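Visitor: In case you want the letters, here they are:
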Amino acid sequence: MVRTYLLLVWAWTRAAAQYPVSFALMTVGGFVISGLDVAVIWVIFTNTTSLGGFDLGEVMFLYGTAGLSFALADLLFSNVDRISQHIRAGTFDVMLIRPVSPFVQVATERFVPHRIGRVIQAAAVLAIALNRVDVPLERGWMIPVMVASGTVIFTALWALGGAAQFLLTDAPEVANAFTYGGATLTHYPLSVYGGELVRGVTYVLPLAFVNWQPGLYVLGRDDPFGLPYWLRFLSPAAAAAIALAAFLAWRAGVRRYRSTGS
Amino acid sequence: MIEVDRLGRTFKVRGTVVHAVRDLSFAVEAGEFVGCLGPNGAGKSTTIKMLTGILAPTSGRLRVAGLDPSRRRMALARMIGVVFGQRTTLWWDLPLKDSFELVRLLYKVDRRVFRRRLDELCSLLELGDFLATPVRQLSLGQRMRGDIAAALLHDPPILVLDEPTIGLDVVSKAGVRDFLRRLNAEHGTTILLTTHDLGDIEQLCRRVMLIDHGRLAFDGTVAGLRAVVPGEASIEEAVTHLYLSSRRSPRTHPHRPAPDPPSVTA
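Protein sequence lines correspond, in order, to chains A and B. Residue 1 is where the first sequence starts when you use the UniProt record's numbering, and the numbers rise one by one after that. Residue 1 is where the second sequence starts when you use the UniProt record's numbering, and the numbers rise one by one after that.
Here chain A stands alone, though its shape is the one from the complex (with noise of 0.2 angstroms):
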């Protein structure tokens, strides 16, 4: 699966490449916009030194894990949400009669290399990040362990999304919000948002799980809300889970497919 995911990435990525100039613009568009994101944390920090509790050091380094998590995820899955044309074009049946797993097929179809920009330009604020920030050795590994973990939470979100569009076939939206919504809450501290909500992408939608919590033990910071230390090292298990529901509803999304006329 993973080296027919890779073959047809390669396939796509050598049909983009037939546009050159398009592919340099569309990946330094990418690289620009996401790099506006910093610019905003570099504003909140010429006006103030910390940012619910945490220096600017600390601020670009969970900006960066989770912006890194998010982009790598965006990149190799979230094709997924156009699921829903697929099934309104009719593309979706032909997918299903052939031997690759539909899911692989609706993210490389069309896949663009593009957004490779913002891998890079996430990496580049984690790079400078870890610069400032003091991380001992014994606490980095944790640094790939997230950034793994956040990429497969983001790509689970992306799934449960599509697997959503076979019921409400126009439900591209109310993914997004959750993808590129829990991008955008993952890119500060959780300390600046109230306790429910925190307690909410603890518990139930883990985003939490992206950078917060185990950049808390990367940092070793005390958690302002209060919550067990044990939630640090339970990032993968959380990815686990929501990648096992994702699964399953994908899978039942299928198998309620219903195909357009004729």
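Keep in mind that a hint or two might mislead.
Here are the simulated distance ranges between beta carbons [claimed, not checked]:
#, chain 1, residue 1, chain 2, residue 2, range
1, A, Leu-168, B, Gln-137, 55 to 65 angstroms
2, A, Ala-245, B, Gly-199, 47 to 57 angstroms
3, A, Glu-173, B, Val-113, 19 to 29 angstroms
4, B, Pro-157, A, Arg-199, 49 to 59 angstroms
5, B, Ala-185, A, Ala-177, 49 to 59 angstroms
6, B, His-196, A, Ala-245, 18 to 28 angstroms
Only some residues are given here: those of chain B computed to face chain A with a beta carbon under 10 angstroms [said to hold, decoys possible]:
#, residue
7, Phe-26
8, Ile-54
9, Ala-75
10, Thr-89
11, Glu-101
12, Leu-106
13, Ala-151
14, His-154
15, His-213
Honestly, the hints are just simulated from the structure, not real lab data. Since this is a predicted model, take the numbers as computed values, not measurements. Cβ coordinates follow ideal geometry from the N, Cα and C atoms, glycine included.
Guided by the hints, dock chain B onto chain A, whose structure is given.
Guide: Just chain B, lined up with the frame of chain A:
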């Protein structure tokens, strides 16, 4: 190759249950060439979608190449080729040959085998002139030939075609028919096609099935189909007769089971 036993599919449309297919039973042996007729909305496409695993049936039992289509979709995909006349399975913006390359990747066809088969299909279907053309710029006849080639690149023993000649001009139609006839005769591919074109049935199919109101209204030879109406009836007259009679019966006798299909010996 295909076993269908009391197959049914219902859809809920704004609270009411619609039976698209009900109590459909038939079997197709290896090497057969079967044509499937039926008025619009009779359940032909729904049946094809269940046979190809796109839709799960709501009742009955279904086996294609020994597999339950909607549960073993991936395994089934290697055993069947599917062509939709109304929509392409190719990629709209890509040149035809890139579409074929994607199909090769999806079906994991060995590169050398793929080359050989593509060359063969290219000469039989005369694809050479427009291999580099994006699919959206192809004429309907060219696109259909491209679709048929794409469905056969993995050399499936079963080919299912939903209205493959719809909208084609006389010459393109003859080309497609010629190709299908040879594929069935020389390669032994089992073919099931749906059509509204009685010429397809007369020229290609040894066996014809007529589906109406989601049920099998006739299953037999073309000669047997003509014999449904007394006298020297044409196939058009026989089909018209069957369409009209089955349209009347369910309305006047909603609870009576459909009349038994006329028994015909091949």
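Visitor: Now, for every hint given, state plainly whether the structure supports it.
Guide: Here is what the structure says about each hint:
As the Cβ distance of Leu-168/A to Gln-137/B is approximately 35 angstroms, the hint placing it in 55 to 65 angstroms is violated. For the pair Ala-245/A and Gly-199/B, the supplied restraint of 47 to 57 angstroms holds, since their beta-carbon distance comes to about 53 angstroms. Hint check: Glu-173/A to Val-113/B, Cβ distance near 45 angstroms, so the stated range 19 to 29 angstroms is violated. In this structure the supplied range 49 to 59 angstroms holds for Pro-157/B paired with Arg-199/A, their Cβ-Cβ distance being about 57 angstroms.
Here the CB-CB span from Ala-185/B to Ala-177/A is close to 57 angstroms, well matched to the stated 49 to 59 angstroms. Against the hinted window of 18 to 28 angstroms, the Cβ-Cβ separation of His-196/B and Ala-245/A comes to about 45 angstroms, which falls outside the hint. Given the 10 angstroms rule on beta carbons, the hint for Phe-26/B is violated: about 21 angstroms separates it from the nearest Cβ of chain A. For Ile-54/B, the interface hint holds, the least distance from its beta-carbon to any beta-carbon of chain A being 5 angstroms, beneath 10 angstroms.
Look at Ala-75/B: its Cβ gets to within about 8 angstroms of chain A, closer than 10 angstroms, so that hint holds up. For Thr-89/B, the suggested interface contact is upheld, since its CB lies about 5 angstroms from the closest CB of chain A, less than 10 angstroms. Look at Glu-101/B: its Cβ gets to within about 7 angstroms of chain A, closer than 10 angstroms, so that hint holds up. About 5 angstroms separates the beta-carbon of Leu-106/B from the nearest beta-carbon of chain A, less than 10 angstroms, and the hint is met.
Interface hint status for Ala-151/B: upheld, as the beta-carbon distance to the closest one in chain A is roughly 9 angstroms, under 10 angstroms. Using the Cβ-Cβ criterion of 10 angstroms, the hint placing His-154/B at the interface with chain A is satisfied: the shortest such distance is roughly 8 angstroms. Look at His-213/B: its Cβ only gets to about 17 angstroms from chain A, farther than 10 angstroms, so that hint breaks.
This entry does not satisfy hints 1, 3, 6, 7, 15, going by the numbered hints stated previously.
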